[in-house]
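Fit chains E and F to the supplied structure of chain X, relying on the hints for placement.
Residue numbers (the numbering used here), protein chains in the order written: chain X, 2 to 129; chain E, 3 to 479; chain F, 49 to 486.
Quick caveat, the hints were computed from the structure, so don't treat them as lab data. Keep in mind that a hint or two might mislead.
[Unchecked claim] In silico lysine to aspartate or glutamate, EDC-like type, Cα no more than 20 Å apart, as pairs:
(1) F:Lys232 to E:Asp30
(2) F:Lys481 to F:Glu424
(3) F:Lys366 to X:Glu56
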Amino acid sequence: MKILSNLKYTKTHEWAKFENDGTVLAGLTDFAQEHLGDLVFVNLPEVGDSVTAGEPFCDVESVKAVSDVYAPVSGEIIEVNEALADNPALINEDPYDAWLVKIGSVEDNGELLDAAAYDTFAKEEAED
Amino acid sequence: MKLIFERSIPGHGQTLLPHCDVPEITLDAPGRETPLHLAELSENDLSRHFTELSKQVHGVNCGFYPLGSCTMKYSPKLDEDMAALPGFTDIHPLQPAHTAQGCLHVLHEAAQQLCVITGMDEMTMQPAAGAHGEFTGLLLIKSYHRSRGDDKRTKIIVPDSAHGTNPASASMAGFTIVNVPSRADGCVDLEKLKAAVGDDTAGLMLTNPNTVGLFDKNILEITKIIHDAGGLNYYDGANLNAVMGIVRPGDMGFDVVHVNLHKTFATPHGGGGPGSGPVGCKAFLADFLPGQVVRCADGVYTLSTPEKSIGCVRGFHGNFLVAVKALTYLMMLGREGVPEAARNAVLNANYLMHRIKGSYPPAVDGICMHEFVASMDKAKHEFGVSATDVAKAMLDYGIHPPTMYFPLIVHEALMFEPTETESKATLDETADILLEIMERAKSDPDSLHAAPLTAPIGRPDEVTAARQPVTRYVFEQ
Amino acid sequence: MGTFVPHTPEEQRAMLQAIGLDSFDGLYADVPAGVRLTDLPLPSGMSELEARRTMEEMAAENFRFRHIFRGAGAYCHYIPSVVKQIASKEEFVTAYTPYQAEISQGVLQSIFEYQTMICDLTGMDVSNASVYDGCTAAAEAAAMCRDRKRGVVLVSAAAHPYARKTIGTYCFGSGAEVVTVPEKDGRTDLEALKELLNDQSACFYFQQPSFFGCIEDADAICALVHEAGAKLIMGSYPMALALLKTPGEVGADVAVGEGQPLGLSVAFGGPYLGFMAAGGALTRKLPGRIVGQTVDDQGRRAFVLTLQAREQHIRREKAGSNICSNEALCALTATAYLAAMGPEGFREAARQSVAKAHYLEKKLSDAGLKRIHSGEFFNEFVTSTPVPAADILAALEDRDYLGGLPLGKNEILWCATEKNTAAEIDELAEIVKEVTGA
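This is chain X alone, in the form it adopts within the complex (with noise of 0.2 Å):
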């Protein structure tokens, strides 16, 4: 399982890439792309759409399950990954590349996990 050290996590396995100009990447983890198995679909939400950390965004589809994705933060998308719409094995492929919206206008609820702590929930998580 691939963490990296520069993103901050959610407990429901989503990541959150603060940039420098203020505006978040969110994608999903490793873990999580490892659990859905392999993605058909991303159901991309619309740029412009406001989201609320904890709460679901958008969704994604493996062959037989259907899973939401909550916001790591809250804010409002500024940009989709369109690329995602056509290709959505991206995610398999790379999660932390394949970022699924940028959120601008951020405000940060202070409940993200930093890569250390995220690693030994995953891996609780992952026992159960």
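Showing chains E and F alone in chain X's frame:
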């Protein structure tokens, strides 16, 4: 196997229509510009194409089909004959009622008998399938609360063990869904139910027997909790085959029900349809029924539209020929045969469960109803053999697998529903095969991962199918 | 009594014993005693012969018209014998939804062929595996076109009353507003449509030809609807797809219709077949089952149910529709019908239906029944009647003719298909003349 388009040869076909005996007309309107391909085959080639396709289909006629929650019982052949009578097939749905008395008689009689079986007062035959019936029934509940000015009742309670159609139907009917966790045996957790109801409760949707195959013995208390809170009770008839003629939803506190003629009443499934999902209700909801209801006075049948009807859930009177089949079946079974079918459906399920439970641990021990759920969780952990692997192995023995991965509250679920029309010999043979499969799981799990080997195709690549959907043949221009 | 339980009493005893019970009662221990039935007040069961007689007697209570000139949503087209034979093959009839692809290739391939033919007919990119009927197809299409920003559904008053009513009922469920666009001269009133469209409009539904048989100006409708940013749902009489500009050519977003004319009998209203096809952009919004092509583990062509994560069994309350059972056997029937007819035969059936209807219109006009709308019509049209419509229809009924559908006291909606002969039409006109005295 070739597609019908790959068999097509320009110029092939047969003479089906006479020459036009009136002057030809050129329409004064923009015409079709793109070529129409369809397919061009001689009648012989056409007939053979579909015969070949039919050889790659497993129907109830081909072998055992214990697909849980689908009630794949044998469909009497008389039903097909009766549904093909020109006296039914050639009747236009908008014929004047006095010229369609036979059709109205069928609809009336079928509705009456289904009312007797479900304990309801009125029945609409318009819904075309179970899910369609659910939607219809929920609209009755919605209309009822509205008619009383009780607009705050916007929530439908659905146990988490329910079929996916229940929450989907409630959502289509404009309700918010309250998912209530079930107990491990699929039964309703009374305390959680009590905590979930309130003055915003529009109703409850429930199957009983539940999706784990158990009869919820607290049923009277459950329906009372909802009624006391001012809600109505909706009975999903998916599992009615276990209890028809034994106990009636109407006597258990339900106000609305749908039945699946294509499950309980032996009409065949046709590869996915047509079905029929008549909806019954108590008298106080009858004014809201959709479409037209058939009334009978002095032996004359008439159609009338209920006073506060929700409108139409489809055109005309529903899947009429399916009603013909169900009524034919009901007439043959009658007062004795209906409960006999239910009792033997339950007997068969218990017998099969008993025969295999050493290798296929049931989700709940004890007496089941018409179906039972086994969990492959242990086999998965110990031998690396999943519910899918067992299912695919069954294909090589000519048996249709049980329903897989449902209900969601049981891990690696296999849901078996043998139905009452299978013999003890078939159940014994199946049990032997299932035990053999589990032995193979222990000794040679890879052989199950490779299954099926004898089916027309091996396991298909569903990921590619969903990532780059190819949903039609592309004609050469 | 008929029974389909195979067990002898001895076998039942042995099975009960095996599960540790001595009677059937033990199976129902969880059913509260107070609600257990002691008797089921149905008639006693019948033998097969008795049931056959009873059902045949019911069928005989119907009056089966020899000559039918009524359509209005249910059409008497010729059904080739081979079609009925194909559709009654037991394997197709008794299979369930093809969840187990490996042993369901026949059903899956037949649906793939059906989807291809529906796309071929409509000119659209993707078709689903069918819905219940034409009315529910229209209602489901309206649901798939709505979104958070546009929620109002516009429906032409010139569409079939049952389709309009079904859309209304579905929208009552979802809470969506429905606006009826008035009819003018048997067609959608384009001026009114333009006025009623706005930035809240999700979609507009009309049908080609209209309920009154008139050919709509589909191009003009499409331009207005798209200009307003709404989606166009075009309902089509399948025979019209052979001759008139297709929904794909018009630019419709969703094409729907009643597939009954494609090899299904009128059967007092069902089972019928709702077809639905869409442009590629709306693929994942389509409700119901869709079959896709793929390969198996050895690289052989295979068909599977695909895009299932759209559906209720996975998406539950978030699914776009609750549909699961559809009209698969009717879809197979339609596929066999279209293949039996072939492109030329199908066009011929459509051309003859049009020609006979125009001949009928002329003959009825001579008999004093004048068409009330102007402009081109397909194979249905409305006439006024100089005497009460009921008198004309009663006279026809006496001579074994089912005349057109009365729309009002003095209006009738007539229909002709390739099955009607010139001689039949001549006789019908004579009977009408006797009543009108024309």
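Tested hints:
no.	hint	in the structure
1	F:Lys232 to E:Asp30	holds (19 Å)
2	F:Lys481 to F:Glu424	violated (25 Å)
3	F:Lys366 to X:Glu56	holds (15 Å)
Checked against the numbered hints listed earlier, the structure breaks hint 2 alone; every other hint is satisfied.
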